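For reference, the chains in residue letters:
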Amino acid sequence: MLYVALIIGTFLAQHFLVWWAMVFPCFLAGYFLAKSPSQAFGAGFAMVFIVWATRILSLSIPNGNLLGNRIGQLFFLPDWQANWVIMLLASSFIGGFIGGITCLSGQLFQKKSGISERMAN
Amino acid sequence: MRLRPVLLSMATLLAIYLLDHQWGTLPPLGRFLDPFQGFWQQAEPQKDNKTENLTLSGLRDEVIIRFDEYRIPHIEAKNNYDLYFAQGYITARDRLWQMDFQSRVASGRLSEVIGEKALELDKYHRRLGLGYAARKMEAYVRQDPQMTQVLEAYAAGINTYISGLKPRDYPLEFKLLNYAPEPWKLINSAYLLKLMSVTLASASNDAYLSNALARFGPDVIKDLFPNYPRREDPIIPSGTTWDFTPLPQPDIPPSRRSNPVEQTQAVDSEEGIGSNNWAMSGSKTRSGLPLLANDPHLELTLPAIWYQVQLTGPDVNVNGVTIPGSPGVIIGFNENVAWGVTNVGSDVLDWYQIQFQDEKRKAYRFGDSFRPTRMVIEKIAVKGKKTVSDTVWYTHHGPVMYGKGEKPKTFPKAANIPEGHAARWVAHLPSNDIKTFYVLNRARNYADYQAALRHYVAPAQNFVFASKDNDIGITPNGYFPLKWRGQGKFLLDGSQPENDWSGRIPVEHNPTVKNPPRGFVSSANQFSADTTYPYYLHWEFSGYERGAQINRQLAKLSKATPADFQALQNDNYSIHAENVRDILVKNTSLPMLSPLEKECLAIVTKWSLRYDAQEIGPTIFDNWYNQVARDIWFDEFSDTDYPMAVPSRDRTVALLAEEETSRWYDNISTPEKETKEKIVTLALKKTVDSLQIALGEKIDTWSWGVAKGTQIQHLARINGLGTATLHVGGSKTCVNAISRFNGPSWRMVISVGDVTHAMGLYPGGQSGNPGSVHYDDQVDSWAKGELHPLFFYRQGGSDSPRIRQTLTLKTKN
Chain W
1 MLYVALIIGT
11 FLAQHFLVWW
21 AMVFPCFLAG
31 YFLAKSPSQA
41 FGAGFAMVFI
51 VWATRILSLS
61 IPNGNLLGNR
71 IGQLFFLPDW
81 QANWVIMLLA
91 SSFIGGFIGG
101 ITCLSGQLFQ
111 KKSGISERMA
121 N
Chain C
1 MRLRPVLLSM
11 ATLLAIYLLD
21 HQWGTLPPLG
31 RFLDPFQGFW
41 QQAEPQKDNK
51 TENLTLSGLR
61 DEVIIRFDEY
71 RIPHIEAKNN
81 YDLYFAQGYI
91 TARDRLWQMD
101 FQSRVASGRL
111 SEVIGEKALE
121 LDKYHRRLGL
131 GYAARKMEAY
141 VRQDPQMTQV
151 LEAYAAGINT
161 YISGLKPRDY
171 PLEFKLLNYA
181 PEPWKLINSA
191 YLLKLMSVTL
201 ASASNDAYLS
211 NALARFGPDV
221 IKDLFPNYPR
231 REDPIIPSGT
241 TWDFTPLPQP
251 DIPPSRRSNP
261 VEQTQAVDSE
271 EGIGSNNWAM
281 SGSKTRSGLP
291 LLANDPHLEL
301 TLPAIWYQVQ
311 LTGPDVNVNG
321 VTIPGSPGVI
331 IGFNENVAWG
341 VTNVGSDVLD
351 WYQIQFQDEK
361 RKAYRFGDSF
371 RPTRMVIEKI
381 AVKGKKTVSD
391 TVWYTHHGPV
401 MYGKGEKPKT
411 FPKAANIPEG
421 HAARWVAHLP
431 SNDIKTFYVL
441 NRARNYADYQ
451 AALRHYVAPA
461 QNFVFASKDN
471 DIGITPNGYF
481 PLKWRGQGKF
491 LLDGSQPEND
501 WSGRIPVEHN
511 PTVKNPPRGF
521 VSSANQFSAD
531 TTYPYYLHWE
541 FSGYERGAQI
551 NRQLAKLSKA
561 TPADFQALQN
571 DNYSIHAENV
581 RDILVKNTSL
591 PMLSPLEKEC
601 LAIVTKWSLR
611 YDAQEIGPTI
621 FDNWYNQVAR
631 DIWFDEFSDT
641 DYPMAVPSRD
651 RTVALLAEEE
661 TSRWYDNIST
671 PEKETKEKIV
681 TLALKKTVDS
691 LQIALGEKID
701 TWSWGVAKGT
711 QIQHLARING
721 LGTATLHVGG
731 SKTCVNAISR
741 FNGPSWRMVI
751 SVGDVTHAMG
761 LYPGGQSGNP
771 GSVHYDDQVD
781 SWAKGELHPL
791 FFYRQGGSDS
801 PRIRQTLTLK
811 TKN
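Chains as they are written, first to last, in this note's numbering: chain W, 1 to 121; chain C, 1 to 813.
Okay, chain C solo, but in the shape it has when bound:
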C-alpha cells in the first residue's frame, strides 16, 4: 500500500468530520455554510410570489390566505376546523422555531438541545410545576369538545407544515443550534399559556419582605410597606359603587408569622413589564364611535412575541395579534367590538413553609397530623451528557420548589424563592383561558364580553372593551384567591390550615366598571380599585404614574381622534419626574457643587419633564433619583447575606415630599449624620461622576436615547439576529414605557365598529426568519411612534390593492 493517497484520504475524512460537528456554541461549519442544505437556504427572496397553491391532507375544504404588505395573513375558511388548521399551518411557516423553543423553555426541555447551560432553567420551570399545570390545563380543556377541536385543528396544521419540511428547509435557528423540529402536541399550547403566567404572574418578594419584617419589626414595615400607596389613581374610578354583597372576609389568624430565610443573592425585579389600555365612549370622540387603545409591555425580542392574523370563518371575522402557539386572537377587534389587555399584578403566588415529617420527605405536617407528599421525578435529557433525574415533592399547596440546600447559588431567577417552601399558585389551577378569546373573537356586545371573561383564570388581565353600540368597560379579571387582608404578603406557615386560601373571589365580584360618567376607562397595572373594594388583591401594584397621565390626558379630550390616542401611546411625560424634580432641585446645596455639576443641575431644572430621546435632562434626572433612592435605603435594606425588600418608589417619593427629617436619610455606615439636603446633593455629585465615566466628558452627548440604549435582542440572544441600538424616548414611568429591553410589544388604536380605521404595529415582523425582509420590517416605524393602518378583509369585498400575495390551500381528498 502506498502511503500518500491513503493518508490524504484519511485527512479528508477527518476534515469532513471536524466540519460536520458542533464545537462549543458554533454550528457544524460545513453543514451550516453549505449553500445547498445550510443557512443560505434561508436567504428568502425579497419579492414574494403573487399566487401560490398548496394541496394539504387534513383540510376539509378550500382555504384562501391573503397576505398584505407586511405579510400579515388574512385567512378565510369555510369552517372553523379549517380556519384553525390554516392558522396553525401559516404560523408554523413563519414562526416554527420560536414555537418549538418557547415550548421547550416552558416544559423544561431546553437542555436536550442546547446542553448543560440550560439545566438550571429547565429545573426551575419543572420545579415551579409548569408541567403539572400544563397537563391539568390539557385535561380540563379536553372536557370541552369545541376547544379541543380548535387546539387539535391548530396542532394538525402545524404538524402538516412540519411533515413537509426537509432538513434544508428547517428554520435558521434549528441549523444554528443543530437540532430538528419535532411534532407539535396539543399540550404545547398549554405550555405557552403557562409561560405567560411565569412572565406576568410569578413575581414574588414575600421572602424579602419577611426578612425585612424580622429585622425592622412590624411598625417600620407598616410604615414603609403600606397596603395602599400614598398616590394612586385606581383602574376602577373612585366612587364607583359595588353592586354585590361581598362574601365574609376570612379572619386574620393569630398564628400568622414569618420566619426569616437565608438567601444567597438579591435581584431587582425589573419594572417595565406592564401595559396600558384605555377606551373612550363615542360621546367624547369626533366620529361618535368609541375608540380603544392597547399597548402591552413585555421584553422585546426578535422573533417578536406577537403574530398578527385575521381569521374569517362562518361565525367569526376577527383581526389582531396572538402568541405563536395559541389559536385565535388574544388582542384585537371585529366589526362590532374591540378589546385589549394589561396585566393585573394581584398576589396569586404564595409561599408555604413545609415541615417534613423526617428526612425522607414522605409526609409533612398539616394541622394536628401529617399528610403524604407526592414525589415526582423529573427526567431531564441533556445534550452530550447523561440524563439528569430531579426529584420534586408536591404538597396540597403545590410543589416545594427548592428543599433546604437545594437552591442553586448562581441562578438569579431563583434568588427570591425561599428554600423549604411550597408554591401555591393560580397557574396550577385547571383552566380553559383560551375559551375567553374564542368567545371574544366572536363577541357582538357587552354581554358577550362579560360572558367571555368567566372562563379566564390566569395570568389575570385588565380586559378593556368597547362595542359599536357605545358600551365601554374594564374588568380586572382572572382567578383571585379569597384572602384575608395581607395574606401572602409574607411567607406563610404551611402547617397551619387557617393559612390556606379560602377559595376564590366570585367572578361576578371581580372589580368592573361599565360606562363610567367620565366617559372613558383605562388601566396601566396600577391598583385595580381603591380601598372601598371589599376584597384583598395585593398590597402593592405597579406605580400609578402612567395611569394618572393617561387619565389626565383623556379627561382633557372632548372630540378625540385616533391620532390623539396614538399621541398618548407615545407620551414621554413623566408624572414621577413632576413629583420629584423640584424636590431634588430645592434640596441641592449649591456651594457643594462644581461648575459642571451646576450645569447639570440647571439642565434638570429647565427640563420639560419629558423623556424624549434627544433630551439630556432625563439622563441626569433618572440616574439622580435612582441614586437618591439607593442612598436612602441601601445602607439599611441592602445586605448581601440577608436580602430584604426595598421600599417602593411611592414610599420614597412620599418620604422626600413629606418628611424633612427622618432616620432613613442618615447613612448608617458613616459616623456623621446625613440630612435630606446632603443625601440629595451627594447623589447628584455621584451621578455626574458616573455619567462622565459611562458617557464621556461632554454633557451634550448624554442624550436619553443614547444613555438608555434600547435594543431588541434575539430570543436566544444570538449575535447579529437582533436590532442595532434604537435611540428612542420613553421610560418605565411614562405612558411610552420603553426601557432598555422592555416596552410596548404591540400598539393598537381601534375606531370601534369602523374596521377601515384600525391601526397597529409591533416592534418586529411577521416572519421569524432572519433572512426575510419581514423579520423586522415594522421596527423602524415602531421606533418612530408610527402606527400602520390595519387591513381588514371582508367576505365578498372587492380585492384590496394591499393584498400582495394569495395562497390557496386545497384539500387532498
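If we strip away everything but chain W, and leave its shape as in the complex, we get:
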C-alpha cells in the first residue's frame, strides 16, 4: 500500500505540479502508511527515484540519449556516450532524496501523541 501510494501520488503530483510537488504525497504516505522511520525514508527515496528514473528512460531512450549526453558535457563531463546514465542517476537521486526526507518527516510526525507525551512528562 505504502509503495503503491508513493508511486501513484508522486507521478500525479509531478505531472501536474512543480518539480518538488512529490513532497505532498510523500509526506502523507509517511504520516499515514509508513511503519518505521527507516521504512519511510527507504520507501520515499526508492519510489520517487523509480518514478523519476522511469520517466527519464521513457523520454531518453526514444531520444537515443542525445540530450542526456549533451547535458552531461554542460555539467563538465567529457564527451562520453554514457553521460546520460550519470545524468539519470543524478536527477533521480535529487528526486529520491527529497522524497525520502519528506516521507521520513511525515512518519516522524505520526508518532506525535506517544512520544511527545512521554517527553512532556
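Rather than coming from a laboratory, the hints here were simulated on the basis of the structure. Any given hint might turn out to be false.
[Unchecked claim] To be clear about the criterion: a stretch of chain C counts as covered by chain W if any three or more of its residues have a C-beta under 8 Å from a C-beta of chain W, and this derived list gives those stretches:
1. 41 to 47
2. 619 to 627
3. 714 to 720
Remember, it's a predicted structure, so these values are computed and weren't measured experimentally. Positions of the beta carbon are idealized from the N, C-alpha and C atoms, including for glycine.
We have chain W; now place chain C onto it with these hints.
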C-alpha cells in the same frame, strides 16, 4: 513540540529552496533535472509522427506543412496572411529561444535575463542607436500596408505558438538560463535586421587610421593606406561602361582634419565575415540553363544563423533560407529565378567629433551656431540588480556613442570607437528592406529583380541574380552616401557643415552589370568597381584573392555543371599563398636555419598552395606569413596606448614583392638594421618555435585541419551544445573561407528554372533544440563539402517520398 520532525521538515524546505534557485551560472538544479518539467522534456523522440493536426485561432484557412527528411518545412497556404502566419508559427516551434535571445541582444535587454555580465553589451547596442533604428524602421514599414500585414501575420503565428506553451515545453535554453519567453512584437523583426547591420556594416577603423595619420603624416598614409589596392579584380568587370550621368562630386573641404584620439586597447578585426556568390549564363553551362551559387560567410553557431523554408501561396512558390525572426526568404530560388547575396563593405559608418557647448551637453557646435542635442535615457533592467539608467546624447549626425571618459576599459567591442564622437550610420535611416525580399520571392525576370533592389537600404549587399530566360546580373546594392573621395576615411569634425554626407548616390547609379561578355558574374566582398566608377564607396574592401580565384576558375568552364560550382565552393586554393610563398622562400637565408627549420621550409616549398585539412604546408605558411607581417609593421604601428591601423595584406604583399629595401623592414626596437631577408628568415624560425609549442615536436601532427581547429559553438557559448572540433580545410583567403569560428553559413547551387536540381545545406540543422536529431544533422555533410538536393514542392504535384511528416493547421473559426 518535538524537535526532530520539525527540524527535518525545515531541512527539507531548505533543500528544496536551494535546488529551486539559480547559483552562479548553473540552472536551478531540482527544476532543471526534474523529468516532468525540466530539461528531459526536450529529449525529442528520434522518430517523427507521420501526420499531425493542430487547430489554431487566428488562421483564416487551412494550411498544410510538409516536412522533408531534414525537417525543412514546405508550407502551403491559400492566402498570404496564412502563409506568413504559418511561417512564424513553425519558425518559433523550431527556433523560439534563438529569436528571443537575438532580439534581446539587439535591443539591449540581455542583462534582464543573464545579469550584469551583459550590461556593457546592452549599453553598446543601445548607444549605437539600435532601438532608435528599429523604431524608425517599424514606423516606416507601417506606412506600407502589405509589409505590415506580412510582419503582423508572422508575429501572430509566433505568438500563437508561444501562448500554447506550458513551462515544461519551454526550449532548453530558457530552462538553463531560467527565464520565460515573452510575446513577440513586430519591432523584434526590425531589431534582427538591424543586428545584421551591426555584423556586416559597422566595421570602422577611422580612429586607428587618424592616429596613424597623426603619427606618420600624410605621405606615409597615402603610401601605406592607398584608396585602391595594387591587386584587384573588381565585382563589376573592368571595362563595363556606366550608362548614367553622375552627380557632381562633393568638394573636398579644406578644413578636413583629424584629431588623434586616445584609446585603451586595439583589436584585430577578424577577416572571415564575407561571402561568395556567382552566376553563369546558360551559354556556358551543360544544361543551357544558368547556374547560380552563393555561400555567405558568418560566425558559425548552433542553433544555425539560417532557417530553411519553402513558402507556397497564391502568388508565390519560393524555397531558400531566412533568419529566424524575418518573414519570407532572404536567399533562395523559385521556378523562374534564383538570387544570392554577399556583403558590400562600403563605408557607411562615420564618426563626427562633437564640441558640446558646455558640460551640460544640451547643445553642440555646428557651423556658426549651436544646435540642441536630444537626451535619451536608456533604462536597462539587470537580473538580480537595480535597473541601470544610461544617458545617450543624440545630434543630427546620430548618437554620441561614448562621451569623454565614458568608454568601458575592458570591453573589446568598443575599442575602435572614438570617445566624444557621434555615429553617422546608414542603419539609422528608415528602410523597408524586407520588401526587397518579398518582391524577389515573387520575381519572374530581371526587371522584377531590379525593382526589388530599390527598396533596400542596409546592410548593403551584392545581389547576384539569374533567371531562366538566361539573364544574369550582379548589383552592389543599398544606400550609399554621396561622399567626396576619402570622406570618412579618418575621423571628421562634426562642427563643420561641409563634412556632412551630401545625400545618397542615386539608386540607379549603384554599380551593376547585366549579361557581361565573359558569361558570368561574381562577388567575394572585393571592390565593387574599379577606379572608373565615378563615386566613392570606400578606400578599402576585403582582399581580392577569393574573387580572383572564382573568376579564374569560372573563366575556364565551358560546359559547367552544378558539380563544378560545388567544387568551386570547396576550393582550398589560395591566391594569397601563390603571391607570397615563393617570395618568402627566396628570401630565406639557409645558413641561419636548423635542420628542423629546413625541413619546414622544404614542406612549404613543395606545398600545393591548397589549404587542405591534411596538409602541413598551410599550417607553416599561414603562421609564417602572419609573423612576417607582424614583424614588418608592429614595431612602428603597434602601440598599446595609441592604437593605429596596420597596413593591409594587399600593401604588405606589394611591399614584399616590389621593394627590396624599405624603412619598414628594419625593426626599430633593435640597434642593428634588419633587411628583408633577415626579417623573413627570423619569422620562419619564430614560427617553427611557436608551432612546436602549440602542436608538439613532430611535424607530421601539424595538419592544417588540426591547427585551425574549426568549431561551431553554441550561440550563448554553452558547453556541450556546440560541435566537436571539425578537421576541415579552407582559410579566409580561399573560396572555401572556413576559419576557426567563421565560414560558409549556407551553401547553395541552383540550376535556374529547373527546381529539381537545386542543392544546398548549412552547418547546423532545422531544430534549435539540442535534444533533437535535427539540431546538427547537416553538419557532417557540410564538413565533407557535400550538398543536399533541395526538395521543391509543387502544388498539385504527386507526393514525394521525401515528405516524412505532414502537419495540417486548421482554423478554429
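Taking the hints in turn, this is what the structure says about them:
1. 41 to 47: Satisfied; 7 residues make the cut.
2. 619 to 627: violated (count 0)
3. 714 to 720: holds (count 3)
Violated hint: 2 only; the structure is consistent with all others.
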